[in-house]
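First to last, the protein sequences are chains A and B. Residue numbering for the first sequence follows my numbering, beginning at 1 and increasing consecutively. Residue numbering for the second sequence follows my numbering, beginning at 1 and increasing consecutively.
It is worth saying that the hints were derived from the structure and are not from the lab. There's no promise every hint is true.
Claimed, not checked - Label pairs and their in silico Cβ distance ranges:
| id | chain 1 | residue 1 | chain 2 | residue 2 | range |
| --- | --- | --- | --- | --- | --- |
| 1 | B | Q310 | A | E343 | 50 to 60 Å |
| 2 | A | D328 | B | L139 | 54 to 64 Å |
| 3 | A | K322 | B | Y309 | 26 to 36 Å |
| 4 | A | E343 | B | R226 | 34 to 44 Å |
| 5 | A | S5 | B | I35 | 33 to 43 Å |
| 6 | B | A168 | A | R362 | 40 to 50 Å |
| 7 | B | G151 | A | D385 | 52 to 62 Å |
| 8 | A | Q144 | B | I37 | 25 to 35 Å |
| 9 | B | E147 | A | D130 | 49 to 59 Å |
| 10 | B | L143 | A | K342 | 41 to 51 Å |
Unchecked claim - No farther apart than 27 Å at their CA atoms in a straight line, the calculated lysine-lysine pairs in the DSS-like style are these:
| id | chain 1 | residue 1 | chain 2 | residue 2 |
| --- | --- | --- | --- | --- |
| 11 | B | K200 | A | K308 |
| 12 | A | K143 | A | K342 |
| 13 | A | K143 | B | K200 |
| 14 | B | K135 | A | K143 |
| 15 | A | K322 | A | K157 |
| 16 | A | K342 | A | K76 |
| 17 | A | K253 | A | K322 |
| 18 | B | K200 | A | K418 |
| 19 | A | K308 | A | K322 |
| 20 | A | K342 | A | K308 |
| 21 | A | K342 | B | K135 |
| 22 | B | K135 | A | K322 |
| 23 | B | K133 | A | K342 |
| 24 | A | K418 | A | K342 |
To be verified - Not the full set, but computed from the structure, chain B residues with beta-carbon under 8 Å of chain A:
| id | residue |
| --- | --- |
| 25 | L122 |
| 26 | G159 |
| 27 | A161 |
| 28 | G163 |
| 29 | N166 |
| 30 | L219 |
| 31 | A220 |
| 32 | L276 |
| 33 | G279 |
Note that beta-carbon positions come from the ideal geometry of N, C-alpha and C, so glycine has one too.
If you want the building blocks of each chain, they are given just below.
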Amino acid sequence: MTIGSTPRLEFRHIGKSFPGVRALADVGFSVRAGSVHGLLGENGAGKSTMMKILGGEYVPDEGEVAIDGQAMAFRKAADAIAAGVAVIHQELQYVPELSVMENLLLGRLPTRMGLVDRRRALAYVKESLDALGVDLDPRAKLKQLSIGQRQMVEIVKAILRDAKILALDEPTSSLSHRETDVLFRLVRDLRAQGKAMIYISHRLDEIFELCDAATIFRDGRKVADFDTLEGVSRDTLVQRMVGRDIGDIWGYKPREHGEVRLSVKGITSRIVPQPVSFDVRAGEIVGFFGLVGAGRSEVMRAVYGADKRMSGEVDIDGRTVKAGRIRDAIRQGLVFCPEDRKEEGIIGVRSVAENINISARRNHLSAGLFVNDRVEAQTADHYIDRLRIRTPNRRQEIRLLSGGNQQKAVLSRWLAEKDLRVLIVDEPTRGIDVGAKNEIYNVLYELAARGVAVVMISSELPEVLGVSDRVIAMSRGRIVAQFARGEATEANVLAAALPEGAAASPTLSQVNP
Amino acid sequence: MTESNAAAAIGATPDTPAVRRRAMFWQMVDDYSLILIFVALFAVLSLTVQYFFSWDNMVGLLLSVSQIGMVSCTMMFCLASRDFDLSVGSTVAFAGVFCAIVANATGSVAIGVVAALIAGGLVGFVNGAVIAKLKINALITTLATMEIVRGLAFISSQGQAVGVTNDAFFTLGSASLAGLPVPVWVTLACFAVFGVLLNKTIYGRNTLAIGGNPDAARLAGVSVDRVRIAIFLIQGLVAALAGIILASRMTSGQPNAGEGFELNVISACVLGGVSLMGGRATISGVIVGVLIMGTVQNAMSLMNIDAFYQYLVRGTILLIAVLVDQLKNRRQAR
């Protein structure tokens, strides 16, 4: 904070507790007008709680939020909006059936004689979008837009409401590279216009590229403040975030590979038209890389039986898995962690223990009929401890956990299978902080060391290269190239994954599926 | 527990005792609120309403909720899996009529009962199969079967009550065992069986998982379609059982029996804290929900309150119960 000027936004000694968890304890930091302030920390460090306090969704137990030096007491979200605060959460809040224009002006559409004045509204929205340099059709329905475009609508909505403080929570986690570029440009423009912005991201590159200052949270406390990020190293940030030196983030060590465990032969489904084949050996981690829409998830869903298989065969240790029967796949040791954790991974209103035990419980029924609560409690506690799942206890509803901890619980569900042979993980670390990522990689290594064949889908090229024994590149629903660990480089994997006709030597920012 | 995990689990600083006490207090209120309300209600009525707290009245009360009680058990499963069943009232009527017709035709009560149970199970199976396999909304599906089955009841009985000639049929509804009528025993058995099913079997846990998130449940290896069909099939069976017992009590199968029954059953479940969003249900809640409904009705009858007003009171109680539930959820979300 520069001397003599009042910060636009200031958090003063904020404290907030939930039953059994102290989410924030005496946390304070300030954000200048015309700056982008990075907020870093592991999942569960308290960033999202802080943003909900800023947005008026939570009322802090202690402390206050001050705008231009004046203490505010937000009791509800509308209070924060009225004070010029816009918090854009990871889960966007829009009406999919309505148009861009209607979403932007929701609740304050111009009217004439009681009816919506569409012409005036359209003209206004068009003008505003042009002024911001955002390329969106005001008439398009939100459901027709990409996630990135929807996010843009949220940001524009905030600007049209004259927000002077904008908080973006993980805005790039589901954006393509080009969408990210557009977002960055917009953020820089807004900074130039004097907005105060808070930027939460797990991607340190983005923090360095965009942020003027940064604050790091850990376990509900502030552990570091940086007035500038110049001269600050990546390692410093990571170390302050996780509170320990995690060294090499990938932590890869070579392993022996055994016989072929998973053999996929000519598999097709309604959305995988061309037959796909590949093998994975016992103890091997195979990384699937491709652009969004390359068909990686679709292939794996067909392998697991989540989508109906039309043709082809899946063998585990030479035994064929029946098509389209998830239960049979699981019985034969083939399991799958889906990409969309919230929609397809967790059962939100059920407990952590229930989410862990849902599948493996069939193996320890008493009298062949009754759920064995004692064993299930032990299993849950075992994995909560081993994978460091942060939860007050195993009975906590899983929706109340952070993303990384939810992911660990979903992994635990499969670790609890006694005869695990093949693990397929789809974007296992999306939206997860550095420390938890590292822990998830370690779980994968451990499984591989036990002889499990691991398939990892990831859109983060460094992760694919850092973790995999072998990399398979997919493009337009086909496997286009394979690389052994030593051969795979960012350049050749990316070049292979690009659809034909794209630039010969592309940079990431040019890639757009 | 590792050191860092322990620190994280309770936050960087330990809770203050005040915070913890407050949390524990609310937890208690959450867990026992319904039972407390019922106990208070019961105590007040016992002290203020004449004849309320007498053995005969208690037996009468239990008997009056026995049909609702049985079907509430299966409706609990249905709602817990995020589904809905409006057809149970019609099934109650049809099963009663059908049982009477078959019993008269064959001269055997047992064959009549079995036939009616099969018919009820069939209705449930059709509901479940259409909802699970054809992916038609449960509300619409069971609205349709509600109409169809009610129609079948009227057609097969030609709109008249079907009296049963065999006296053995009446013992089902009127016989007593250890001081309690048979229907009450059947209801108690249902509470016990379905309580165990919900809490202690894979079937029950999977029902809750499906209600919580059907897609995630499927990917976790739950046979979602099969569980759904089972839920509706069992519901059809139990509704038929309730219909048979009701017919026995009324000494005839009546095609217009059980009108509005489905809503009473759903009310009792919701009153008992079963979430319409799926994933949350307890048998103790449902039992208390059923008892509150029965107690209020019983007390109003004893107080000679016009039956028309009972509708108002029932509706109001339901609204209050849902509101309380909402408030509870909101506080948990904070």
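Okay, the hints, checked on the actual structure:
1. Between Q310(B) and E343(A) the beta carbon distance is about 44 Å. The supplied range of 50 to 60 Å is therefore violated.
2. Take D328(A) and L139(B): their Cβ atoms lie about 33 Å apart, and the range 54 to 64 Å is violated.
3. The supplied range of 26 to 36 Å is broken by K322(A) and Y309(B), whose beta-carbon atoms lie about 60 Å from each other.
4. Take E343(A) and R226(B): their Cβ atoms lie about 22 Å apart, and the range 34 to 44 Å is violated.
5. Remark: the range hint 33 to 43 Å for S5(A) to I35(B) is contradicted by a beta-carbon distance near 59 Å.
6. Here the CB-CB span from A168(B) to R362(A) is close to 44 Å, well matched to the stated 40 to 50 Å.
7. Range check, G151(B) to D385(A): Cβ separation about 59 Å, and the 52 to 62 Å hint holds.
8. For Q144(A) paired with I37(B), a C-beta distance near 49 Å fails the hint of 25 to 35 Å.
9. The supplied range of 49 to 59 Å is met by E147(B) and D130(A), whose beta-carbon atoms lie about 56 Å from each other.
10. Hint check: L143(B) to K342(A), Cβ distance near 31 Å, so the stated range 41 to 51 Å is violated.
11. With a C-alpha separation of about 32 Å, the suggested pair K200(B) and K308(A) falls outside the 27 Å cut-off, and the hint is violated.
12. As the CA atoms of K143(A) and K342(A) are separated by approximately 19 Å, the hinted pair is consistent with the 27 Å bound.
13. Among the hinted pairs, K143(A) with K200(B) is inconsistent with the structure: their alpha-carbon atoms are about 42 Å apart, more than 27 Å.
14. Restraint check: the Cα-Cα separation between K135(B) and K143(A) comes to about 23 Å, which is no more than 27 Å; the hinted pair holds.
15. A hinted pair counts as satisfied when its Cα atoms are at most 27 Å apart, and K322(A) with K157(A) does not qualify at roughly 50 Å.
16. With a C-alpha separation of about 26 Å, the suggested pairing of K342(A) with K76(A) holds against the 27 Å cut-off.
17. Straight-line distance between C-alpha atoms of K253(A) and K322(A) comes to about 35 Å, which puts the hinted pair past the 27 Å bound.
18. Restraint check for K200(B) and K418(A): the C-alpha separation of about 22 Å stays at or below 27 Å, so the hint holds.
19. For the hint linking K308(A) to K322(A), the alpha-carbon distance of about 11 Å falls within 27 Å, and the restraint holds.
20. Restraint check for K342(A) and K308(A): satisfied, since their Cα atoms lie roughly 22 Å apart, inside the 27 Å limit.
21. Distance check on the hinted pair: K342(A) and K135(B) sit about 22 Å apart at the alpha-carbon level, within 27 Å; holds.
22. As the CA atoms of K135(B) and K322(A) are separated by approximately 24 Å, the hinted pair is consistent with the 27 Å bound.
23. Under the criterion of a C-alpha separation no larger than 27 Å, the hint pairing K133(B) with K342(A) is consistent with the structure, at around 24 Å.
24. With a C-alpha separation of about 25 Å, the suggested pair K418(A) and K342(A) falls inside the 27 Å cut-off, and the hint holds.
25. Interface hint status for L122(B): violated, as the beta-carbon distance to the closest one in chain A is roughly 26 Å, over 8 Å.
26. With a cut of 8 Å, the hint placing G159(B) at the interface with chain A is violated, because the nearest CB-to-CB distance is about 45 Å.
27. Checking A161(B) against chain A: minimum C-beta separation of about 42 Å lies over 8 Å; hint violated.
28. Taking 8 Å as the C-beta cut-off, the interface hint given for G163(B) is violated, the closest approach to chain A being about 42 Å.
29. Hint status for N166(B): violated, given a least beta-carbon distance of 37 Å to chain A, over 8 Å.
30. For L219(B), the shortest C-beta to C-beta distance to chain A is roughly 5 Å, which falls under 8 Å, so the interface hint holds.
31. With a least beta-carbon distance of about 5 Å to chain A, the hint placing A220(B) at the interface is held under the 8 Å criterion.
32. Nearest Cβ of chain A to the Cβ of L276(B): about 12 Å, over the 8 Å cut. The hint is violated.
33. The closest approach between the C-beta of G279(B) and any C-beta of chain A is roughly 4 Å, which is under the 8 Å cut-off, so the hint is satisfied.
In summary, the structure is inconsistent with hints 1, 2, 3, 4, 5, 8, 10, 11, 13, 15, 17, 25, 26, 27, 28, 29 and 32 from the numbered list given earlier, while agreeing with the others.
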